[in-house]
Each structure stands twice: as C-alpha cells, then as structure tokens.
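Chemist: Protein chains in written order, with the UniProt record's numbering: chain V, 1 to 414; chain X, 1 to 221.
What the hints contain is simulated information worked out from the structure, not anything from laboratory work.
Any given hint might turn out to be false.
Here are the computed distance ranges between Cβ atoms for each label pair [unchecked claim]: (1) Glu129(X) x Leu19(V): 17 to 25 Å; (2) Leu6(X) x Leu23(V): 41 to 49 Å; (3) Asp409(V) x Lys63(X): 50 to 58 Å; (4) Lys67(X) x Leu26(V): 37 to 45 Å; (5) Gln15(V) x Val219(X): 53 to 61 Å; (6) Phe341(V) x Gly100(X): 15 to 23 Å; (7) Leu23(V) x Lys63(X): 32 to 40 Å; (8) Ala120(X) x Leu19(V): 25 to 33 Å.
Ideal Cβ positions, reconstructed from N, Cα and C, are used throughout, including at glycine.
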Amino acid sequence: MFDLERWQEIFETLQKNKLRTFLTGLSVASGIFILVILLGFSKGIENGVKSQFERDATNRVSVWTGVTTKGYKGLNPGRYIQLKNSSFDAVENKYDDYLEYRTKDYAIWGATVSVNNETGNYRVRGTLPDNQFIENADIGFGRFINQSDVDGSKKVAVIGNKIKTDIFKGEDPINQNIQIFGMNFKVVGVFYDPGGDREEGQVYIPVSTAQKVFNAGENIRNMTFTVKMADNFDQAVEQSNAIALGIEQQLKEIHVVAPDDVSAVRVFNTLEEAQKIYSLIAAISGVFWFVGIGTIIAGIVGVGNIMLIIVKERTKEIGIRKALGAMPMSIVGMILQEAVFVTMFSGLFGLILGLGLLELVGPQIESDFIKYPQVDFNIALTTVFLLVFAGALAGFIPAYRAAMIKPIDALRDE
Amino acid sequence: MGSNSLHVLKGINFDVKEGELVSIMGSSGSGKSTLLNILGMLDEADSGEYILDNVPIKNLNEKIAAKYRNEFLGFIFQSFNLINYKSALDNVSMPLYYKGIKRKERTEKAMHYLEKVGLAEWSHHLPSELSGGQKQRVAIARALASDPKVLLADEPTGALDTKTSYEVMELIQGINDDGKTILVVTHEDDIAHMTKRIVNLKDGLIIDDSPVQQVRASVHV
Numbered sequence: 001m002f003d004l005e006r007w008q009e010i011f012e013t014l015q016k017n018k019l020r021t022f023l024t025g026l027s028v029a030s031g032i033f034i035l036v037i038l039l040g041f042s043k044g045i046e047n048g049v050k051s052q053f054e055r056d057a058t059n060r061v062s063v064w065t066g067v068t069t070k071g072y073k074g075l076n077p078g079r080y081i082q083l084k085n086s087s088f089d090a091v092e093n094k095y096d097d098y099l100e101y102r103t104k105d106y107a108i109w110g111a112t113v114s115v116n117n118e119t120g121n122y123r124v125r126g127t128l129p130d131n132q133f134i135e136n137a138d139i140g141f142g143r144f145i146n147q148s149d150v151d152g153s154k155k156v157a158v159i160g161n162k163i164k165t166d167i168f169k170g171e172d173p174i175n176q177n178i179q180i181f182g183m184n185f186k187v188v189g190v191f192y193d194p195g196g197d198r199e200e201g202q203v204y205i206p207v208s209t210a211q212k213v214f215n216a217g218e219n220i221r222n223m224t225f226t227v228k229m230a231d232n233f234d235q236a237v238e239q240s241n242a243i244a245l246g247i248e249q250q251l252k253e254i255h256v257v258a259p260d261d262v263s264a265v266r267v268f269n270t271l272e273e274a275q276k277i278y279s280l281i282a283a284i285s286g287v288f289w290f291v292g293i294g295t296i297i298a299g300i301v302g303v304g305n306i307m308l309i310i311v312k313e314r315t316k317e318i319g320i321r322k323a324l325g326a327m328p329m330s331i332v333g334m335i336l337q338e339a340v341f342v343t344m345f346s347g348l349f350g351l352i353l354g355l356g357l358l359e360l361v362g363p364q365i366e367s368d369f370i371k372y373p374q375v376d377f378n379i380a381l382t383t384v385f386l387l388v389f390a391g392a393l394a395g396f397i398p399a400y401r402a403a404m405i406k407p408i409d410a411l412r413d414e
Numbered sequence: 001m002g003s004n005s006l007h008v009l010k011g012i013n014f015d016v017k018e019g020e021l022v023s024i025m026g027s028s029g030s031g032k033s034t035l036l037n038i039l040g041m042l043d044e045a046d047s048g049e050y051i052l053d054n055v056p057i058k059n060l061n062e063k064i065a066a067k068y069r070n071e072f073l074g075f076i077f078q079s080f081n082l083i084n085y086k087s088a089l090d091n092v093s094m095p096l097y098y099k100g101i102k103r104k105e106r107t108e109k110a111m112h113y114l115e116k117v118g119l120a121e122w123s124h125h126l127p128s129e130l131s132g133g134q135k136q137r138v139a140i141a142r143a144l145a146s147d148p149k150v151l152l153a154d155e156p157t158g159a160l161d162t163k164t165s166y167e168v169m170e171l172i173q174g175i176n177d178d179g180k181t182i183l184v185v186t187h188e189d190d191i192a193h194m195t196k197r198i199v200n201l202k203d204g205l206i207i208d209d210s211p212v213q214q215v216r217a218s219v220h221v
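Pulled out of the complex, with its shape left as it was, chain V reads as follows (with noise of 0.2 Å):
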C-alpha cells in the first residue's frame, strides 16, 4: 500500500485517463455533496422548528379561564369563571404525583415601573418559584423568587434583561430599589430568556405578593404546570393528555361550568403539540435521508459501474502486463488502489465542499425554521467510508476475476 513505485504507477495511469478519473470523482463528490447539503437542511430545519418552540418548557399544561357561554345549573351563560388560590391547591393536591413544576400567575399588564428618572411600562406577573423552569429562563444575576419570599409576601422583584438594559442602564441593579406604580421593591436576580426581549421585558414578583398589593385576594389569572415525562415520549403525551382532561373536568365541577362548555375553562397542553412538531421533524429528516440514502445508492451503483467499465477496459493491458510478469494480485491491488484513491480523494473533497457550502450560506439564512445548518461529521465521513468500501467492492469482483483470467485469452480480448 505504501510502495511508492506502485504509487507513481497509479498516478500515471490517472493522469493519463484524465476524463475516467474525472468522471468517476464526479460521480462520488456530487453524491457526497448532495447528502451533505441535504442533512444539513434536514438538521437546519430540525434546528429552526426546535428553536421556535423551546422557547418555554414543551411539556406544559396551562389553564386560563374565560366567560361562561352556557347555562348550567339554573346559572346564567356569561359569568365569567375566576381562578382562586382554593382551584390551585385543588389541582395541585390532586395530581400532586404526576406533576414536576407548577406555578400560579396574577399579572398585571403594563405596569408602570420606574428607577429614579428612568420609567417604562412592563408586564409584571406574580408567580411561585417554579415559574423559573416552565418558562426556561435563564438566572443572569442574582436568584429567583424563592418559597420565602412567596409565604412571606415579600416585596422583592426579579427583572428581564432588556429592562436591566432599559431603566437601570447597564448599572448592577441587584439590591436596589424599584418602584411598581409607585411601591418599592428590591431587585434581586435579573433573568434571560430564550423568548428573546417579549419575555425579557417582565418582571416577576412573588404571587402573594402581587395579590397583596394589586388587591386581588384570593384571585389568580392562571395556573400552570408541566408534568413529570415518562421515558417513552407518546407515553408522556398520553400521561400529559389525560391530566390536561382531568384537570379541565376538575375546574368545570368547582366552578359549575357545563362539561360541554368549552371557553369558560381552557387547558393547553404543549406536549402534544409537540408530538405533532416532533413528527414532524421526523418526517422531514426521514425525507431527506432517503433521498440522501437514494443518492448515495446511485453513487455506489456509478462507481461500480464505472470500475466494471474500467476492468473491463483494461482487460487487454491485464494481459500484457501478465505476460510482462505481473503476478495476479498486484494488478487487482492496482485497480483497487487506484478505486480506493479516487473515490476517496473525490469524496472527502465533496464532502468538504457541501461542509464549506453548508458554513458559508448557514448564517446568511434569515428564517425563523432554519437555523444554524449543519452535519454531523462523523455521519459524513462515515458515508464517505462506505462509498468508498462500496467502490472498491464493486471493483474487487470484476479485477480479480481479469486478474484470474489466463494472460492468452486476456491478450485475445479485443
């Protein structure tokens, strides 16, 4: 393999078969190429429709309430159905084991907050602790609302980024003071989210706390949670489905709202939208790969097909090369060789180019559902490989079976 006089051999023989060589590095580097390009896209996708939804927690069940739209126990329609603190515990007592996080929400909607000179107007949520993980946020500085300051109601504030950025200026804001329509409340964790500024233009305050000071009571705007998932993904999205159901008839029966009812109580459940997403997903990598696959096939078919051609071709100077002394297996390591050689040469240099291509054109890509393409290197080369193996292969029969031949009918071969 390392004889440097076979070496020379083979580069001769390639250089002058220059279109053989040629066509032969195309066929490989195209069908490299093209898989290349085509995984990319796939994981790019993959990536973009991931991105969109990984934004908060996939596996949550969230309940909001609307107005009654049907009579139901000698009850008017048009009632609207208020959350208290009582339906909470009641769903959380209930589905205690099967859930992981679970939070109550007051917000209030464009709530003035100032420092010093600087005011805006920003969304601000009382929560529990657990808000931090259903919504995927990100502690930059400080820490979260934490069980104390809910049981102690106290008045402490974790802020977004973008209004670290916006009123505090870039200034640490952590322990100083910032007034919620005129209260003041200390600043104690800054948070990031994958969200980007919608989310990060919010301000939590323990939920207690948020009852307190904007009157509410025992009121709370929504509940919600995400459930514990099972290892088997349709498992977990049948588990979460089923909870999402109980949870809704649960409500409709503390707050006498017709089973049928369907805007009074409202439960979203993300995981089966996820489901839908994932299959999706699925469906178009698994697209993608059989047209790689198929691709590459036809690359593996072209190859062989061209070493039959190349043998065959070279039946004659088999023979001549036999009768000058050639043993059998230094002409069959030679058309290996030479295969080998060229398929890999031409394959790792598709693959380096749709890898050049795919870094290249990759950032450029301005869309919401495609991001950051890319292959794994491994399956590249590892394609690369079989090609290669499959080349050589389909070369091996039809050389070795020349190489076989008696030099006299070789040199007969016309």
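Use these hints to put chain X onto chain V, whose structure you have.
Modeler: Chain X only, in chain V's frame:
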C-alpha cells in the same frame, strides 16, 4: 474459451539450444501458436514436460508463472500489445517495474534498449504516434528489457508490410547474433528462411525439423 476441448498438439519433442534462432512453421490450425503459448507459459500443456534452462516448468500457479515469465521470457506479438496510454519508454520499462527495479535504473535501461532498436528519439511518443514497424521495435525493446533467456515471437511480422518485416527481421537477427535464443512463429516462408532452423508442424505433429542456410535480412533491405 470454448467448452469443447480440442487436441491440438499430439506429440511434440524437440530441443532448442542456447543461441539458436528457430522458426516454427505450419498452416493455420497446425498448433504452432499453441506450442509457443505453452513455451511462453501463457497456456499450459495437459501432459508432457518442459524444461527451460534446466528448470522443469510444471505445477504452474499464476504466481510462479508470472515470476518465470518475467525472468526467463520476452514476448513479441503480432499485434504489438503495447499499452496505449504509456509512452514508448514507459512501455519498455514495464517488465523492469515488475522485476522490482527502481525508477531511475528502469528508465536508464529502457532507454538503452530503445537506442538499440533505433528509437531513442521516439522515447516519449505514445504508441499511437508510431508506425507499425516502430511499434514492433518498441515491443522488441520491451521483450529485451528484462534480459530474458528466450524471446518468443508470435508472427512478429504478421501485421507489417514486406519492407518493414525485413527491417524487423534484421533487428531480430542482430539480437540473435548477440547470443539471444529466439523462437519465431510464422507462416511466411521468406521470414522462416531468415532463421537458422525451421520446425514444420502439421496437425499437431512435427513433420520436419531441419537447419537452413540463413538468409540475412539486410540483403533485402
């Protein structure tokens, strides 16, 4: 490769001494090419023995046959059998490559033999750029390159016109004069008479084996 077997050679017994120039004659189908192919280890005899330079040639597998061909034999074919994408020089150095000789030495030797056949100036030309006679001379240089014990020529002038044939025969005679043993298969009488001994085959048997008065090809040129 027909599946029907055909008894071609039916009892051939002859010796060739070192330095001889022998022609094997016979009409087509007489078995002269088969005999040469057996001598060249390109084909194998079903029975009988073949001793080359005191080495019994038997139980040939491809590996040993390749080694013997490389060491003992040089071939000259009717259709030249040059590798068409290699230059004259590379064609001549091919047997040396299979002998395992390094590139530099190979090129030197090959050049030496090309000079000997008078084609030094054509060393970098492809076979397609050479005339028939030139191609055959390249082939002869190639046969000589590995310094074999025997040269086997199968109708070396079969594809050449008379004048070129005589030029090629002149070259072959010259090589023989230097002491090389050469066997020539031909069906042309004038070519046969340029050798020193004619073996006449008919239907797989030797019907005549006699030395002849050699006609020098240079007389005709």
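Chemist: Now tell me if each hint is right for this structure.
Modeler: These are the hints, each one checked on the structure:
no., hint, in the structure
1, Glu129(X) x Leu19(V): 17 to 25 Å, "19 Å, holds"
2, Leu6(X) x Leu23(V): 41 to 49 Å, "42 Å, holds"
3, Asp409(V) x Lys63(X): 50 to 58 Å, "18 Å, violated"
4, Lys67(X) x Leu26(V): 37 to 45 Å, "39 Å, holds"
5, Gln15(V) x Val219(X): 53 to 61 Å, "46 Å, violated"
6, Phe341(V) x Gly100(X): 15 to 23 Å, "22 Å, holds"
7, Leu23(V) x Lys63(X): 32 to 40 Å, "34 Å, holds"
8, Ala120(X) x Leu19(V): 25 to 33 Å, "31 Å, holds"
Checked against the numbered hints given earlier, the structure breaks hints 3 and 5 and satisfies all the rest.
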